[in-house]
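If you want the building blocks of each chain, they are given just below.
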Amino acid sequence: MNQDKPISFTSRKAKDKTAYILVWIFSFLAMVPLFFILWDVVSKGYKNFNLRLFTEVTPSSVDALMARVNGDPIPGGILNGITGSLLIVGLAILLSIPLGLFIGIYLSDHKGKKFASTISYLTDLLQGMPSIVIGIIAYAWVVKPLGGYSALAGSVALAIMMLPMIVRSTEETMNMLPVAYKEAGLSLGSSYTNVVFKILLPSGFGGIFTGILLAISRVMGETAPLMLTALGASVVNWKVMEPTSAIPLLIWDFYNDPNLVDLIWSTSLLLLIVIFLLNWIAKIVARKWKV
Amino acid sequence: MESVKITNAQKAILQLKEVSVSYTPGKYAVKKVTTDIYPHTITAIMGPSGCGKSTLLRAINRMHDLYAHISTTGEIILKGKNVLEMDPMEVRRMAGMVFQQPNPFPTMSIYDNVLAGYTLNGIRLNRKEKDEIVEQSLQSVALWDEVKDVMSKRGSFLSGGQQQRLCIARTLALKPELLLMDEPTSALDPISTNKVEELLLELKQKFTIIIVTHNMSQAARISDNSMFMYLGELIEHGNTTQMFTKPQQKRTEEYLTGVFG
Numbered sequence: 001m002n003q004d005k006p007i008s009f010t011s012r013k014a015k016d017k018t019a020y021i022l023v024w025i026f027s028f029l030a031m032v033p034l035f036f037i038l039w040d041v042v043s044k045g046y047k048n049f050n051l052r053l054f055t056e057v058t059p060s061s062v063d064a065l066m067a068r069v070n071g072d073p074i075p076g077g078i079l080n081g082i083t084g085s086l087l088i089v090g091l092a093i094l095l096s097i098p099l100g101l102f103i104g105i106y107l108s109d110h111k112g113k114k115f116a117s118t119i120s121y122l123t124d125l126l127q128g129m130p131s132i133v134i135g136i137i138a139y140a141w142v143v144k145p146l147g148g149y150s151a152l153a154g155s156v157a158l159a160i161m162m163l164p165m166i167v168r169s170t171e172e173t174m175n176m177l178p179v180a181y182k183e184a185g186l187s188l189g190s191s192y193t194n195v196v197f198k199i200l201l202p203s204g205f206g207g208i209f210t211g212i213l214l215a216i217s218r219v220m221g222e223t224a225p226l227m228l229t230a231l232g233a234s235v236v237n238w239k240v241m242e243p244t245s246a247i248p249l250l251i252w253d254f255y256n257d258p259n260l261v262d263l264i265w266s267t268s269l270l271l272l273i274v275i276f277l278l279n280w281i282a283k284i285v286a287r288k289w290k291v
Numbered sequence: 001m002e003s004v005k006i007t008n009a010q011k012a013i014l015q016l017k018e019v020s021v022s023y024t025p026g027k028y029a030v031k032k033v034t035t036d037i038y039p040h041t042i043t044a045i046m047g048p049s050g051c052g053k054s055t056l057l058r059a060i061n062r063m064h065d066l067y068a069h070i071s072t073t074g075e076i077i078l079k080g081k082n083v084l085e086m087d088p089m090e091v092r093r094m095a096g097m098v099f100q101q102p103n104p105f106p107t108m109s110i111y112d113n114v115l116a117g118y119t120l121n122g123i124r125l126n127r128k129e130k131d132e133i134v135e136q137s138l139q140s141v142a143l144w145d146e147v148k149d150v151m152s153k154r155g156s157f158l159s160g161g162q163q164q165r166l167c168i169a170r171t172l173a174l175k176p177e178l179l180l181m182d183e184p185t186s187a188l189d190p191i192s193t194n195k196v197e198e199l200l201l202e203l204k205q206k207f208t209i210i211i212v213t214h215n216m217s218q219a220a221r222i223s224d225n226s227m228f229m230y231l232g233e234l235i236e237h238g239n240t241t242q243m244f245t246k247p248q249q250k251r252t253e254e255y256l257t258g259v260f261g
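Protein chains in written order, with the numbering used here: chain E, 1 to 291; chain D, 1 to 261.
In isolation and in its complexed conformation, chain E is listed as follows (with noise of 0.2 angstroms):
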């Protein structure tokens, strides 16, 4: 390199300039996919988009068909879709936060341990392993030996999916509290347990909750593992021995049948705002309950 030519102030600044621009440009173009989405997804899904989406359940294949030979709207909703959304991630929550909080914990407590490191790598090839297969898993652990599909093998399949988020935010969260908190609880006698609940816990919320919300962002929109365990149904239905149906199922029943391929896209823009919701009030908690 040569040192001693120095390098004039207008073509530094020329350099800049340009690099700056290309920045711009590419940080733009990366957006450009995502706007298309929204405007598609909006533009398609404002019109059936009604209180009537919320409130009835799938119609049958023949009612919709009526309805669009008559020139009505389609004669129903995706009830059943949402409180099966609800009934299933929600069992999900439930059955992956636990374990996802008591891995985590053990992982920043155990640092650099062997069992510990083996666990931390098996977490991480947990996380990439395609859904797909984690919903053949959940077909042949939950489906098969009760005999029948059921809300509660597909919640298994996103709690499995869970899972490996659950477990690294809380890591990271406990891995970045200072040392001092843990110290400072136990020099006043406590036991461990106790400090782990009462001081580390609720010290680390923040970054515990935004993890635990982005995670179940991100099964909310599943769809391929739940096929193969909820299946779907086109009735409400509470019962987590049952046949469920999800958002995303729906969207895929509505693919498939050109008589509801009109909910295809107000049932996208019901996921799309929910999850946008959550990855908003993450971001929020985020920032809110900083340490």
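Hints are computed from structural coordinates only; laboratory data are not their basis. Given the structure is predicted, the values throughout are model-derived calculations rather than measurements. Each hint should be verified, as a subset may be incorrect.
What the hints assert, rightly or not - EDC-like cross-link-like pairs, simulated, lysine to aspartate or glutamate; straight-line CA separation at most 20 angstroms: (1) Lys175(D) <-> Glu135(D); (2) Lys113(E) <-> Asp65(D); (3) Lys175(D) <-> Glu183(E); (4) Lys246(D) <-> Asp224(D); (5) Lys111(E) <-> Glu135(D).
Fit chain D to the known structure of chain E by using the hints.
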């Protein structure tokens, strides 16, 4: 070990007998320290960085138990009982610790921070008992007047010096026998440091204080007795005034006069 006479004729509250601490087998951070600490005194542990002063302090309340690779040997007798054979939780309630960085619990209010020792130990108190303990503890660290109207605010709302006094109050609330302080003023400004030092002089009426400091003038200002440690060994332990004016050991003299440090 030859040294000047230690102030106080009373019976020792804490006796260290050949206390050694190692982080890796065969390598000692603290080597066979033997000495006595007397009630109602302030003992300063001095020495250059890495000489084992914090390590020795943390052995007393069994903080090394948190880390499996650290081993402590010897005997640490606190009020007649060997700390190393006691339930660590009981030891830590008897020997409270204040750390270098003020560390009030971030999710707790000032009020709850003072009571944290009770909450964490599952001790239930009624409202009146709680109020009494909080007021007493905050009075004894001269923080009561400053915070009595903002009790429900988070601990982090306070200034660094106030936070450290809150942490001292939190430790005192459990009425320990011994107060172990690990460079409690090194993160504080001079005015806050002065307040904490004044406070310690008051607190020794009720408690016994061991303070680790790398600030020699602080040791000279507040301590009754001083321990000088070097490379894990206790070089000298004696009356502070005598030690600063007529140290018995050559290395103590060199350290105090700034030959090394």
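Does Glu135(D) lie within 20 angstroms of Lys175(D) when you go C-alpha to C-alpha? holds (14 angstroms)
Hinted pair, alpha-carbon criterion (20 angstroms max): Lys113(E), Asp65(D). Please report holds or violated. holds (17 angstroms)
Does Glu135(D) lie within 20 angstroms of Lys111(E) when you go C-alpha to C-alpha? Measuring from Cα to Cα gives roughly 41 angstroms; hence the hint is violated.
Holds or violated: are the alpha carbons of Lys175(D) and Glu183(E) at most 20 angstroms from each other? holds (19 angstroms)
Does Lys246(D) pair with Asp224(D) here, judged by a C-alpha cut-off of 20 angstroms? holds (15 angstroms)
Of the numbered hints listed earlier, the single one contradicted by the structure is hint 5.
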